[in-house]
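Visitor: The lines below spell out each chain.
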Amino acid sequence: MKKRFFATALVAAMLIGTVLSASGCSSESSDGKTHITMLQYKPEAVKAFEKMEAEFNATHDDIVLKIESPNDAMTVLKTRFIKEDAPDIIGIGGDVNFSNFLDADMLMDISDFEGLSLIKQAYLDIDKNLEFVPMDGVYAVPYVANAAGVLYNREMFQDNGWEIPTTWQEFMDLCEEIKASGQQPLYFGFKDVWTCLAPWNALACDLAPADVCRQVNKGETKFIDEYPEVAEKMLELLDHAQNDPFAYNYNDACTAFANGESAMYCIGSYAVPQIQSVNPDMDIDSFVMPGCDNEKDNILNSGVDLQFCVTNECKNKEAAYEVLSFLLEDSTIQTYLDDQNAVPCKDTEFKLSPALDGMLDYINEGRVVDYQDHYYPAEMSVDAQIQTFLLDGNVEKFLNKFDTDWVRYNRDIIRKVQEYEEKGGNE
Amino acid sequence: MNKKLSRNQTFLLITVPVLALFFCFNTLPLIKGLMYSFTNFKGFGSYDWVGMRNYADLFTDARVGKSYLFTFKFALVATILTNVIALLLALGLNGKIRAKSALRGVYFVPRILGGLVVGYIFGYIFTYILPAITGGSSMLSNTGTAWIAIVIVAAWQSIAQTTLIYISGLQTVPEDVYEAGAIDGATGWKSFKELTFPLIIPFFSINMVLSMKDFLMVFDQIMALTKGGPAQSTESISYLIYNNGMGGGQFGFQSANAVIFFIVIVAISVFQLNFTGKKEEQL
Amino acid sequence: MKQKNKVAATTNWPLTILLILGCVTVIFPLYMAIVIAFKKPSEMTNDIGGALSLPKSFSLENFAEAMRVTDFWHSLGYSVLITVATVVLAILLHSLAGYAIGRSMAKSKFYKVSYLYIVSGMFVPFAILMMPLVKQTAQMGVDNWFGVILCYLVFYMPMNVMLYTGYLKNIPIALEEAAFVDGATTWQTYWKVIFPIMGPMHATVAVLTALGTWNDVMTPLVIMSGTGANTLPLAQLTFQTQFGTNYNLAFASYLLALLPILIFYLVCQKQIINGVVNGAVK
Numbered sequence: 001m002k003k004r005f006f007a008t009a010l011v012a013a014m015l016i017g018t019v020l021s022a023s024g025c026s027s028e029s030s031d032g033k034t035h036i037t038m039l040q041y042k043p044e045a046v047k048a049f050e051k052m053e054a055e056f057n058a059t060h061d062d063i064v065l066k067i068e069s070p071n072d073a074m075t076v077l078k079t080r081f082i083k084e085d086a087p088d089i090i091g092i093g094g095d096v097n098f099s100n101f102l103d104a105d106m107l108m109d110i111s112d113f114e115g116l117s118l119i120k121q122a123y124l125d126i127d128k129n130l131e132f133v134p135m136d137g138v139y140a141v142p143y144v145a146n147a148a149g150v151l152y153n154r155e156m157f158q159d160n161g162w163e164i165p166t167t168w169q170e171f172m173d174l175c176e177e178i179k180a181s182g183q184q185p186l187y188f189g190f191k192d193v194w195t196c197l198a199p200w201n202a203l204a205c206d207l208a209p210a211d212v213c214r215q216v217n218k219g220e221t222k223f224i225d226e227y228p229e230v231a232e233k234m235l236e237l238l239d240h241a242q243n244d245p246f247a248y249n250y251n252d253a254c255t256a257f258a259n260g261e262s263a264m265y266c267i268g269s270y271a272v273p274q275i276q277s278v279n280p281d282m283d284i285d286s287f288v289m290p291g292c293d294n295e296k297d298n299i300l301n302s303g304v305d306l307q308f309c310v311t312n313e314c315k316n317k318e319a320a321y322e323v324l325s326f327l328l329e330d331s332t333i334q335t336y337l338d339d340q341n342a343v344p345c346k347d348t349e350f351k352l353s354p355a356l357d358g359m360l361d362y363i364n365e366g367r368v369v370d371y372q373d374h375y376y377p378a379e380m381s382v383d384a385q386i387q388t389f390l391l392d393g394n395v396e397k398f399l400n401k402f403d404t405d406w407v408r409y410n411r412d413i414i415r416k417v418q419e420y421e422e423k424g425g426n427e
Numbered sequence: 428m429n430k431k432l433s434r435n436q437t438f439l440l441i442t443v444p445v446l447a448l449f450f451c452f453n454t455l456p457l458i459k460g461l462m463y464s465f466t467n468f469k470g471f472g473s474y475d476w477v478g479m480r481n482y483a484d485l486f487t488d489a490r491v492g493k494s495y496l497f498t499f500k501f502a503l504v505a506t507i508l509t510n511v512i513a514l515l516l517a518l519g520l521n522g523k524i525r526a527k528s529a530l531r532g533v534y535f536v537p538r539i540l541g542g543l544v545v546g547y548i549f550g551y552i553f554t555y556i557l558p559a560i561t562g563g564s565s566m567l568s569n570t571g572t573a574w575i576a577i578v579i580v581a582a583w584q585s586i587a588q589t590t591l592i593y594i595s596g597l598q599t600v601p602e603d604v605y606e607a608g609a610i611d612g613a614t615g616w617k618s619f620k621e622l623t624f625p626l627i628i629p630f631f632s633i634n635m636v637l638s639m640k641d642f643l644m645v646f647d648q649i650m651a652l653t654k655g656g657p658a659q660s661t662e663s664i665s666y667l668i669y670n671n672g673m674g675g676g677q678f679g680f681q682s683a684n685a686v687i688f689f690i691v692i693v694a695i696s697v698f699q700l701n702f703t704g705k706k707e708e709q710l
Numbered sequence: 711m712k713q714k715n716k717v718a719a720t721t722n723w724p725l726t727i728l729l730i731l732g733c734v735t736v737i738f739p740l741y742m743a744i745v746i747a748f749k750k751p752s753e754m755t756n757d758i759g760g761a762l763s764l765p766k767s768f769s770l771e772n773f774a775e776a777m778r779v780t781d782f783w784h785s786l787g788y789s790v791l792i793t794v795a796t797v798v799l800a801i802l803l804h805s806l807a808g809y810a811i812g813r814s815m816a817k818s819k820f821y822k823v824s825y826l827y828i829v830s831g832m833f834v835p836f837a838i839l840m841m842p843l844v845k846q847t848a849q850m851g852v853d854n855w856f857g858v859i860l861c862y863l864v865f866y867m868p869m870n871v872m873l874y875t876g877y878l879k880n881i882p883i884a885l886e887e888a889a890f891v892d893g894a895t896t897w898q899t900y901w902k903v904i905f906p907i908m909g910p911m912h913a914t915v916a917v918l919t920a921l922g923t924w925n926d927v928m929t930p931l932v933i934m935s936g937t938g939a940n941t942l943p944l945a946q947l948t949f950q951t952q953f954g955t956n957y958n959l960a961f962a963s964y965l966l967a968l969l970p971i972l973i974f975y976l977v978c979q980k981q982i983i984n985g986v987v988n989g990a991v992k
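Protein chains in written order, with the working numbering: chain A, 1 to 427; chain B, 428 to 710; chain C, 711 to 992.
Note that these hints are calculated values from the structure, not bench results. Warning: the hint list may mix true and false statements.
[To be verified] Computed list of chain B residues with no C-beta within reach of chain C, every gap over 10 Å: (1) 437; (2) 475; (3) 479; (4) 493; (5) 496; (6) 535; (7) 547; (8) 569; (9) 570; (10) 575; (11) 604; (12) 608; (13) 619.
[To be verified] Which bits of chain B does chain A cover? Going by a derived footprint, with three or more residues having C-beta under 8 Å, they are: (14) 460-472; (15) 551-565.
[Unchecked claim] Quick list of in silico lysine-lysine cross-link-like pairs, BS3-like style, CA-CA up to 30 Å: (16) 222/A x 493/B; (17) 750/C x 315/A; (18) 902/C x 47/A; (19) 397/A x 459/B; (20) 218/A x 397/A; (21) 845/C x 654/B; (22) 83/A x 654/B; (23) 83/A x 845/C.
Every residue gets a Cβ at the ideal spot worked out from N, C-alpha and C, and that includes glycine.
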């Protein structure tokens, strides 16, 4: 009796397995076509990518494109690299992960890809800067960028006659004015540590050199000399936050802002779809973080949000280029833009979301600088260090630790950079 | 298989494949992990041997030190809290009450739920419900109280099983022990201290060992509630190893951390088992 | 018998009521989950009344959407597959190993060492095995649900072998000798005599292994990555992506993830509770 029960259970389990696997993977490539797999890291854009995949496969007979958008994509991607089973194309952000993949020789030089000439130079430069030591060749196609600064509730601003601030003083005055009117100027979601980086990056763009990390790696400066103003202005922002900003996470802050609980929200343009999922009719606009005392000195914080790289394991470069060319077609980019709130890196006119109105001039003029945190090593957890600092308020202690930790976490890179400098490498 | 196998041959035929499987999926990766602890491996791509550097760093790394302190503080407090509440609950549930099995059934529910999902639900309660009731701020946003919130959730889940084990312990205490005690005037606290507790000491030590080990490895609750924050005040060792080893590029360094952690856990368990060894044998 | 009646007659009502009130600590979080799961994002407010209140309507919209987003039936299928296969194989394999090792431990050093070797695996933190295992399963071509099952069989081996050998001590060897006399081999004796006797321990192993595998996230996350397959807890990570958390949808999905095991618990409550107790006490 018992034995039969076990046997039945096992057979049943295996049967489910077969059924699931059968429905899980499609027929293998005995069809003579080239198969290209792509893994992209933005699960919120899965719908746009599904459309793009269908469109590509409908128009190409010889290549089959498969786009994967897993949850926790960076872990998945890293495990795929460990397994030596990397996808042909990866869609990742222009951040330290890209630098690491590059440093570990995972990516292919694609400087002979023609589509690169269509990309705005500013974004190619941003990607170039992410290389730990300058390398020959090009390793990524910047696709879309995002921008971070301050989002504001256009309706609230119009109703109260508030004006867009262009200097730090104006910004602080505006916060006071809003508070005096009995409303909440800013809302933060600092429980999610990464949200601390949004205002931090935006301020650092205005107030610190763009290549500060590289300078530190070369031993030319220290963070304690470059970041104090950024840190102090972070504390000033905190004065205008809601009660207990460390209790709420990103989602809470988006919800509160969407419900009109605050007039402004220091975050990137990537938050707009999330905010509008709570309040679809909300009229959101944005302005550049006015960190400087002079409008002319302000710079928009904008980095590559999504870029495509071809991995070294890709066996059919031509087919991969075909896919990249398709992705760069205007109509494909528009598909993406309609779904996601982003700034295309291609040098063509597109219809952008009204939430970017206030940043448009900066974008068109190319007055943009990359996110500073794209150079911070993930394991150093700078976001958590900023949160720690905001809780205790000691600028000097925070930046001293920043400097010590930096050397510790980056020593292999610093060694590489300095070896490179010694060999006479120059920019 | 015409020939009949001897008893020893049969045993060998069973044991060897099992050992091989175990070696393949436990020892082999362990050895590889040990190997990586001497490298600056990021988890992918090329890497260099760095000798003992990771281990030397480990002992001077403030963040690692802090995570060990947090983990031990957490495990100790959670173990005590869990066992005290569970023991009280077990006494209650073993008392002269109505709907005994239904009540036991309800109190056991937390054990079967997944830690991650439970953590998400509690995270919401700590952020919105509790501050609204108390008028204060969220426990999770304060470095002084965030760890207590994690203790509460971890205890909430583990009390279920601990209680159950105490109940089964209490059921081994024969009724006439109490009657004899009552004649001597032992009631209430005195009866518990002098009669009940000595009889359930084996169950007490099991619970201490089990909950201590589970709490030292705490991961899901932290992942769901604080992600190590605020201000890195709730980073447990397991969380740090996972977060910086997998997410960050510190795989080699965190492998060294895992090796040390492994040694620490073995040492504590050996100590606890030695300490309670005699009592265990009584079972 | 007399005493039993006396106990029933003198119910401790204050204690009963106290314990019933205490149930709130268990039920309240679940109540919250249910309430939130039925609400719409626009019904969510950051104040106490709004958070506790019942939703305006009990529409199943969130649940339908959650099932779509997490590909519920597929995820459930994989969870069931992995859990059932792990449990069945664990019972068959670990009981055999426990038998072979347990019966020979006293006489042979080899088995004594084997026992300690396997049991010591209990202390190995998963974190250290994770990355090498990912590489290894991929090289062996089992970076899928099957590899996850193999891993679980090894992860639960220390505990289960310990439980089985412990239980075996209480089974007199004389039972087996009777079968030998009838000419049965050790193998046959095991299946006919020992395996059925270990029934209670099978239940314990089944419950403990099932609870562990069902709720585990890490192993399937790292091993099955890239196969497009999810287990039910794994699918919940969808709601933790930085840029897309929606509490209502998430809680509907959490409830759906909790539901199968809650139903299972309601049906097999007694076996589960006994299993957990035996596992810890034996």
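Visitor: Taking the hints in turn, state whether each one holds.
Guide: Structure-based check of all given hints:
Not every C-beta of chain C lies more than 10 Å from that of residue 437/B, the closest at about 4 Å, which undercuts listing it as non-interface. Annotated as non-interface, residue 475/B keeps its C-beta farther than 10 Å from every C-beta of chain C; the closest such distance is 17 Å. Once the 10 Å rule is applied to beta carbons, residue 479/B is consistent with being away from chain C; the minimum gap is 17 Å. Under the 10 Å C-beta cut-off, the non-interface status given to residue 493/B relative to chain C holds; the minimum distance is some 18 Å.
At roughly 18 Å from the closest C-beta of chain C, the C-beta of residue 496/B stays outside 10 Å, upholding its exclusion from the interface. Not every beta carbon of chain C lies more than 10 Å from that of residue 535/B, the smallest distance being close to 6 Å; the non-interface claim is violated. Distance check on residue 547/B: its Cβ comes as close as 6 Å (rounded) to a Cβ of chain C, failing to clear the 10 Å threshold; non-interface status is violated. Distance check on residue 569/B: its Cβ is at least 18 Å (rounded) from any Cβ of chain C, clearing the 10 Å threshold; non-interface status holds.
Against the 10 Å criterion, residue 570/B stays outside the reach of chain C, whose nearest CB is about 23 Å from its own CB. With a closest Cβ-Cβ approach of about 16 Å to chain C, residue 575/B is found to remain outside the 10 Å limit, as its non-interface label requires. For residue 604/B, the condition that its CB be more than 10 Å from all CB atoms of chain C holds, with the nearest at approximately 13 Å. For residue 608/B, the non-interface assignment is confirmed: its Cβ lies about 16 Å from the closest Cβ of chain C, beyond the 10 Å cut-off.
For residue 619/B, the requirement that its beta carbon stay farther than 10 Å from each beta carbon of chain C is met, with the minimum near 15 Å. Only residues whose beta carbon comes within less than 8 Å of a beta carbon in chain A count, and the segment 460-472 of chain B has 5; three or more means the coverage holds. Figure legend: the segment 551-565 of chain B, annotated as covered by chain A; annotation consistent (4 residues with Cβ-Cβ distances under 8 Å, at least 3 required). Between the alpha carbons of residue 222/A and residue 493/B the distance comes to roughly 26 Å, so the proposed pair stays at or under 30 Å and holds.
Between residue 750/C and residue 315/A the CA atoms are separated by roughly 47 Å; this puts the pair beyond 30 Å, and the hint is violated. Between residue 902/C and residue 47/A, the direct Cα distance comes to roughly 57 Å. Violation of the 30 Å bound is thereby established for this hinted pair. With a C-alpha separation of about 39 Å, the suggested pairing of residue 397/A with residue 459/B is violated against the 30 Å cut-off. Taken as a hint, the residue 218/A and residue 397/A pair is honoured in the structure, with Cα atoms around 23 Å apart against an allowance of 30 Å.
Distance hint between residue 845/C and residue 654/B is fulfilled; the C-alpha atoms sit about 27 Å from each other, no more than 30 Å. Only pairs whose Cα atoms come within 30 Å are accepted, and residue 83/A paired with residue 654/B is accepted, the gap being roughly 27 Å. A C-alpha spacing of about 5 Å is found between residue 83/A and residue 845/C, which places the hinted pair at or below 30 Å, so the restraint holds.
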